[in-house]
Every structure is written in structure tokens, then in C-alpha cells.
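As they're listed, the protein sequences go chains A and B. Residues 9 to 122 in my numbering are what the first sequence lists, from first letter to last. Residues 52 to 160 in my numbering are what the second sequence lists, from first letter to last.
In short, the hints are calculated from the structure, not lab data. Check the hints yourself; a few may be wrong.
Below, in silico cross-link-like pairs of lysine-lysine (DSSO-like), each with a Cα-Cα straight-line distance of 27 Å or less [as the list claims (entries may be wrong)]:
#1 B:LYS147 - A:LYS17
#2 B:LYS108 - B:LYS147
#3 B:LYS92 - A:LYS22
#4 A:LYS65 - A:LYS17
#5 A:LYS91 - B:LYS92
#6 A:LYS65 - B:LYS147
#7 B:LYS107 - A:LYS79
#8 B:LYS88 - B:LYS107
#9 A:LYS17 - B:LYS88
#10 B:LYS54 - B:LYS118
#11 B:LYS92 - B:LYS147
#12 A:LYS17 - A:LYS78
#13 A:LYS91 - B:LYS91
#14 B:LYS147 - B:LYS54
#15 B:LYS119 - B:LYS108
#16 A:LYS91 - B:LYS147
#17 A:LYS78 - A:LYS65
#18 A:LYS22 - B:LYS88
#19 A:LYS65 - B:LYS119
#20 B:LYS54 - A:LYS65
#21 B:LYS107 - B:LYS119
#22 A:LYS91 - B:LYS54
#23 B:LYS54 - B:LYS119
#24 B:LYS91 - A:LYS17
#25 B:LYS92 - B:LYS118
#26 B:LYS147 - B:LYS107
#27 B:LYS92 - B:LYS107
#28 B:LYS118 - B:LYS107
#29 A:LYS17 - B:LYS92
#30 B:LYS108 - A:LYS78
#31 B:LYS91 - B:LYS118
#32 B:LYS54 - B:LYS92
#33 B:LYS147 - B:LYS88
#34 A:LYS79 - B:LYS92
#35 B:LYS91 - B:LYS147
#36 B:LYS88 - A:LYS65
#37 A:LYS22 - A:LYS91
#38 A:LYS78 - B:LYS118
Now for the letters of each chain:
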Amino acid sequence: DGGITQSPKYLFRKEGQNVTLSCEQNLNHDAMYWYRQDPGQGLRLIYYSQIVNDFQKGDIAEGYSVSREKKESFPLTVTSAQKNPTAFYLCASSHQVGPDSPLHFGNGTRLTVT
Amino acid sequence: EDKVVQSPLSLVVHEGDTVTLNCSYEVTNFRSLLWYKQEKKAPTFLFMLTSSGIEKKSGRLSSILDKKELSSILNITATQTGDSAIYLCAVISWGKLQFGAGTQVVVTP
Numbered sequence: 009d010g011g012i013t014q015s016p017k018y019l020f021r022k023e024g025q026n027v028t029l030s031c032e033q034n035l036n037h038d039a040m041y042w043y044r045q046d047p048g049q050g051l052r053l054i055y056y057s058q059i060v061n062d063f064q065k066g067d068i069a070e071g072y073s074v075s076r077e078k079k080e081s082f083p084l085t086v087t088s089a090q091k092n093p094t095a096f097y098l099c100a101s102s103h104q105v106g107p108d109s110p111l112h113f114g115n116g117t118r119l120t121v122t
Numbered sequence: 052e053d054k055v056v057q058s059p060l061s062l063v064v065h066e067g068d069t070v071t072l073n074c075s076y077e078v079t080n081f082r083s084l085l086w087y088k089q090e091k092k093a094p095t096f097l098f099m100l101t102s103s104g105i106e107k108k109s110g111r112l113s114s115i116l117d118k119k120e121l122s123s124i125l126n127i128t129a130t131q132t133g134d135s136a137i138y139l140c141a142v143i144s145w146g147k148l149q150f151g152a153g154t155q156v157v158v159t160p
């Protein structure tokens, strides 16, 4: 079954620790994305990648980092510099970046930092 | 600044009612508007609208885009409890998706 797998589902960390969220897809999609979802707000784009070894900042990239060493994988690191990291994080992929490629989403990781 | 605004933010209806959700946008370089349904976790794709005035339908759901009014509506007829979800509108501009805050729909039996 093709899809996007995010792990873990729930993650708890202490303030000051970096944490990495995993995202893997077997859809053979070129483009991958990380979004953050907070209550009462829409999804906000953190980073996206159109191709292996390339990625761009989204609207709220500060305090986050990513890598795209393999087509299938796009891990997101939430660093201690992110001031308000507690949120629901969604990874997505699409065949390509552009108007004709709807996003396919993973089931998300809920991160709680105390 | 680009904006996507959805209304209402939330609503509660009874099974069998019809629901109309609104999405308005102000973006540069508009390409397409998309609707997603989010139940517990992953948003699932409903519709992509690119041309004005052409209704897209899928069962009890339908949607139409009005480029003159910079808006779209999503209709759900004969609602069921399984329609309870957050409905997200997103606009593609400069190759990226910008999402609205979503409308939470609760359908009571």
C-alpha cells in the first residue's frame, strides 16, 4: 500500500532538547513538505523540498531544520531555538510542486514540549 | 500579504441538513483552490478547482470556484455523522499551498 508514514504518533520532550520527526513516503513523489497545525490556525508551511538534496524555507522555518538525502525521506528537526514547538506536525508529498499535484498527507506527529 | 479566510469557523448541524462552507482568498498569482477533509489526523483531498463556474461533485459533496469574487463554496447535502470533520481550504500560489484556518463541522444524530 502506497502512502506516507510519520513517526512517532506522539512525542514528548523537555525544553532545550532537539527532536527529529520522521517522514517516509513510498509514492515515488518528488516533492515533500512539512506543515505545522495549531488550534484555530491553518496549516503553516515550515519547509519543502522539490528534489533530493534540495529544500526551501517555508513561512515559519525559524527553529527548524530538514534534510533530503533520499527521495523517500524528509526528516524534520525541531531545535531548541524554536520558541513554541508544541504542535501537530504534518508531512505531505506530491508528485511535483505545482498547481496540478494535490498533497497527500501523513497521519501527523503530535509534539509536546514541557 | 496573501490570505485565505474560511467561514464559519465552526458549526453544528443535525443529520440530514445541508451545509455550505465558504473560502475567500487574496493571493498573488492564484493557480488553484483545493478542499481537504480532516477527521482525526491526515487531511484527505476532496477537490481541486482551477476554473471559475465549473462545479465539481463527489457524492453529496460539491464545490465551485468564483474567481471574480475570489471565493469558493463547499456544499454538503443530506449530512451524516461521518461528515463531522475540519474542512480545510487551500490556495496554490507561486507553487505553494496556503491554508485557511479550517471550518469545524459537527453533525449530530
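Those earlier numbered hints the structure runs against, lowest number first: 7, 18, 19, 25, 30, 31 and 38
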